Each structure stands twice: as structure tokens, then as C-alpha cells.
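Visitor: Chains as they are written, first to last, in full-length UniProt numbering: chain A, 1 to 199; chain B, 1 to 199.
Treat the hints with care, as some may be off.
[Said to hold, decoys possible] Quick look at which bits of chain A chain B covers, simulated, 3 or more residues with Cβ under 8 angstroms:
# : region
1 : 113 to 125
2 : 153 to 164
3 : 169 to 183
Rather than coming from a laboratory, the hints here were simulated on the basis of the structure.
In this text, all values refer to a predicted model and were calculated from it rather than measured experimentally.
In this text, a Cβ means the ideal position worked out from N, Cα and C, and glycines have one as well.
2 protein chains.
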Amino acid sequence: MTPARGDHDARRSEVSAAVWRVLADRGFGGLTLRAVAAELNASTGLLTHYFPNKRALLAYALDLLDRHTVDRPRPAAERTSPADGGRALLRATLLDILPLTPEGVAGNRIWVGSWDAALTDPELAADHAARYRRARERLTELVAQAREQGDLTGEASVAEVAAGAQSFVLGLVVQALFAPAEFPPERQVELLDRYLDGL
Amino acid sequence: MTPARGDHDARRSEVSAAVWRVLADRGFGGLTLRAVAAELNASTGLLTHYFPNKRALLAYALDLLDRHTVDRPRPAAERTSPADGGRALLRATLLDILPLTPEGVAGNRIWVGSWDAALTDPELAADHAARYRRARERLTELVAQAREQGDLTGEASVAEVAAGAQSFVLGLVVQALFAPAEFPPERQVELLDRYLDGL
Numbered sequence: 001m002t003p004a005r006g007d008h009d010a011r012r013s014e015v016s017a018a019v020w021r022v023l024a025d026r027g028f029g030g031l032t033l034r035a036v037a038a039e040l041n042a043s044t045g046l047l048t049h050y051f052p053n054k055r056a057l058l059a060y061a062l063d064l065l066d067r068h069t070v071d072r073p074r075p076a077a078e079r080t081s082p083a084d085g086g087r088a089l090l091r092a093t094l095l096d097i098l099p100l101t102p103e104g105v106a107g108n109r110i111w112v113g114s115w116d117a118a119l120t121d122p123e124l125a126a127d128h129a130a131r132y133r134r135a136r137e138r139l140t141e142l143v144a145q146a147r148e149q150g151d152l153t154g155e156a157s158v159a160e161v162a163a164g165a166q167s168f169v170l171g172l173v174v175q176a177l178f179a180p181a182e183f184p185p186e187r188q189v190e191l192l193d194r195y196l197d198g199l
Numbered sequence: 001m002t003p004a005r006g007d008h009d010a011r012r013s014e015v016s017a018a019v020w021r022v023l024a025d026r027g028f029g030g031l032t033l034r035a036v037a038a039e040l041n042a043s044t045g046l047l048t049h050y051f052p053n054k055r056a057l058l059a060y061a062l063d064l065l066d067r068h069t070v071d072r073p074r075p076a077a078e079r080t081s082p083a084d085g086g087r088a089l090l091r092a093t094l095l096d097i098l099p100l101t102p103e104g105v106a107g108n109r110i111w112v113g114s115w116d117a118a119l120t121d122p123e124l125a126a127d128h129a130a131r132y133r134r135a136r137e138r139l140t141e142l143v144a145q146a147r148e149q150g151d152l153t154g155e156a157s158v159a160e161v162a163a164g165a166q167s168f169v170l171g172l173v174v175q176a177l178f179a180p181a182e183f184p185p186e187r188q189v190e191l192l193d194r195y196l197d198g199l
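With the hints as constraints, model all of the structure from the sequences given.
Guide: The structure is reproduced here in C-alpha cells:
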């Protein structure tokens with residue numbers, strides 16, 4: 001790697017960190033080239049080298065959010081072993097989506113905030129839709145596994161169970177973000193367990 | 001009512017319509033004093049008479065959204081009579097939240113878009129949380145009614161069932177907005193019915 005390449009990567013990483021801080025502090029509604037430039041102590045002109053316009057910044061932020069999500073800690077899944085069975089792994093995967101920790105709250109806050117921005121643009125909306133589709137596909141595999149192991153019964157197709165579970169968890173995220181005192185972690189877990197019992 | 005008062009009310013109503021058009025076209029992220037002024041063919045200066053700052057505009061828009069929601073058509077509830085029983089009324093109430101019609105898509109698009117803006121400010125978040133709490137209370141009454149009529153069984157408290165149902169529906173709204181082709185109205189209704197069957 002040439003030094004120039006290294007500099008470039010370091011700069012990219014600084015830009016990513018600045019975009020992330022703006023998202024965490026002000027949400028997608030506060031994400032502007034000017035706000036990111038201020039975080040970097042840089043000029044808006046320098047930023048246009050990375051992001052020619054607001055839309056490019058938005059697309060970058062949505063992708064950054066996705067990468068943060070892929071790399072996030074998954075404490076419940078880490079505590080679960082294949083020996084616990086398919087339903088336990090499904091439950092752990094759903095638990096790791098919920099805002100049960102300060103980091104979970106912060107990450108979900110940014111996800112929920114991304115929906116307004118993503119829905120304003122057909123291409124960004126399609127990218128976000130693909131992210132949710134992939135998540136549903138992962139859930140579908142877990143549901144199928146739980147069914148095979150006899151850990152989960154029911155007549156609905158595995159894809160329908162996965163789509164239902166994703167709906168339940170996404171909506172619970174929204175409610176818990178708005179009313180953390182009414183939806184403390186224990187209650188979120190109870191609600192999820194009751195949902196899984198109903199499947 | 002004096003003419004001056006009538007003028008004032010007419011102007012308020014024009015401002016409300018302009019705010020609504022901006023929300024529908026560009027979401028909360030595109031809601032600025034300048035955008036609303038342009039819709040009204042007015043100066044930003046005139047707008048500051050109504051909204052001294054961005055936050056005041058945001059609070060007004062969230063309240064306007066709430067009023068639109070209260071006044072929205074409820075076709076499923078209108079087709080349901082008390083004789084159909086408590087569970088049918090609960091189902092109709094939940095159906096009327098889903099994006100099953102173009103108007104339902106537009107209204108939900110604005111609701112989902114409001115979350116980023118509402119979560120950036122503790123007071124706006126508290127107002128939004130109170131709106132969801134009221135909706136949960138209405139659902140709780142319907143669940144209690146269905147239980148009394150023996151239309152719905154289960155061991156969970158009525159408040160837990162209502163919170164679960166609200167979660168499920170909110171998350172289904174989000175998924176259907178992003179992937180309308182994968183979540184056509186019929187599939188949304190099927191998913192809701194399966195959820196209700198699991199209660």
C-alpha cells in the first residue's frame with residue numbers, strides 16, 4: 001500500500017466517523033455537508049470531493065449504517081449455541097435487534113431516523129428494502145431450522161413467520177425508543193417471548 | 001366572527017395545507033421554513049410570524065399529522081358493527097392503521113418520516129410518545145372488550161396484548177412502505193390475521 005493510499009483510507013475513516021457522530025447527535029434530518037465539514041474542521045468544499053451532493057452523502061450514511069449494523073455486538077446470539085436449538089437462535093437474533101443496551105438504543109435511533117431520508121428517494125428506498133429483505137431471509141432460515149428441529153410448530157409458511165417476526169420487532173423498537181420508561185429491557189424481552197409463544 | 005378573525009383562520013388553513021404538501025413531497029427532512037414559504041408564494045419573513053424557528057415548525061407539523069390521523073377515513077371500522085364482536089372491532093382498528101390504500105400509504109409515509117424529527121428533541125419525543133400511549137389505551141379497551149365477550153382468550157394482560165399488537169402493526173407499516181410489491185394489501189391483511197390468531 002502506498003502512503004498516498006494509506007492517507008486516503010485514513011481520511012475516509014475520519015469522514016465516516018464524522019458522519020456517524022452527526023447521525024448520532026442530530027439524526028438524518030441534521031445530516032448536511034456543512035455539519036459533517038464542521039465535525040472534521042474542514043471546509044464544505046473539501047467534503048464535496050467525497051460527496052458531490054446531499055444525496056451522495058445520504059446514500060453513504062445509509063451504507064455506513066448498514067455496515068455498523070452488520071458489525072455490531074450480538075450479545076444474545078453469542079450466548080447461544082447451536083445445541084440450544086433453532087428457536088433459541090431465532091430468539092437471540094431478534095433480541096439482538098431490540099434496544100436493550102445504550103449501544104442498541106443509539107444504533108436503533110439512527111436506523112429509525114434513516115426511514116424518512118430513505119423513503120424520499122426511490123433508489124435509496126430500494127437499497128433499504130433490500131437490506132430488510134436480506135434480514136428477513138436470515139430470519140426465514142432460522143425459522144426453517146427451528147421447524148426442522150420440532151422447536152417451532154405452526155401452519156404458516158416459514159417466510160410468513162419471518163415477515164411477522166420482523167414486523168413485531170421493528171414496531172417494538174419504535175415504541176421502546178419513544179417510551180423507554182414504559183418499555184424497559186425486561187418488558188421488551190417479555191413481549192418478544194409472548195410473541196414467539198404465539199407462533 | 002370578525003372579518004379579521006376569518007382572514008386569520010383562512011391564512012392558518014392555507015399554512016396547514018402548505019406544510020402538509022411539503023411533508024407529503026419531501027418528508028420531515030425536507031420541511032423548512034423556506035420550503036413552506038415557497039409553497040405559499042410567501043416570504044420566509046411572513047412565515048416567521050407563524051413559526052419563530054424550525055422547532056416551532058416541526059412541533060406544528062407533528063400536531064398537524066396527529067390531527068390528520070384522527071380525522072382520517074376508517075373504512076374497516078365503518079364496515080364493522082358492535083354486533084360483530086370485540087375481536088372484529090380490534091381487527092378493524094388495526095387494519096385502518098395499515099397502508100392498504102393510497103391515502104393510507106401517504107399518511108403512513110409521513111408518520112414514519114416524523115420519527116427522525118421527533119426523536120431529535122426530548123419534548124417532541126414526549127409528545128409523540130403520548131400519542132402512541134393514547135393509541136395503545138384505545139387498543140387496550142378493545143382487547144378488554146373482546147376478552148369480556150369471550151372473543152379473545154389468552155393469559156397475557158390486556159395492556160401487553162395491546163402493546164404487542166401496536167408493535168406488530170407499526171413494524172408491518174414500515175416493511176410495507178419499503179417493499180409495497182412484497183407486502184400488497186392482501187398479504188398485510190393475512191399477516192395481521194395470523195398475528196391475531198396467535199393471541
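Visitor: With reference to the structure, classify each hint as holding or not holding.
Guide: A quick look at each hint next to the structure:
1. Requiring three or more residues with a Cβ within less than 8 angstroms of a Cβ of chain B, the coverage given for the region 113 to 125 of chain A holds, as 9 such residues are present.
2. With 4 residues carrying a beta carbon less than 8 angstroms from a beta carbon of chain B, the region 153 to 164 of chain A meets the three-residue requirement, and the given coverage holds.
3. With a cut-off of 8 angstroms between beta carbons, the region 169 to 183 of chain A has 12 residues touching chain B; three or more are needed, and the interface restraint holds.
This entry satisfies every hint, going by the numbered hints stated previously.
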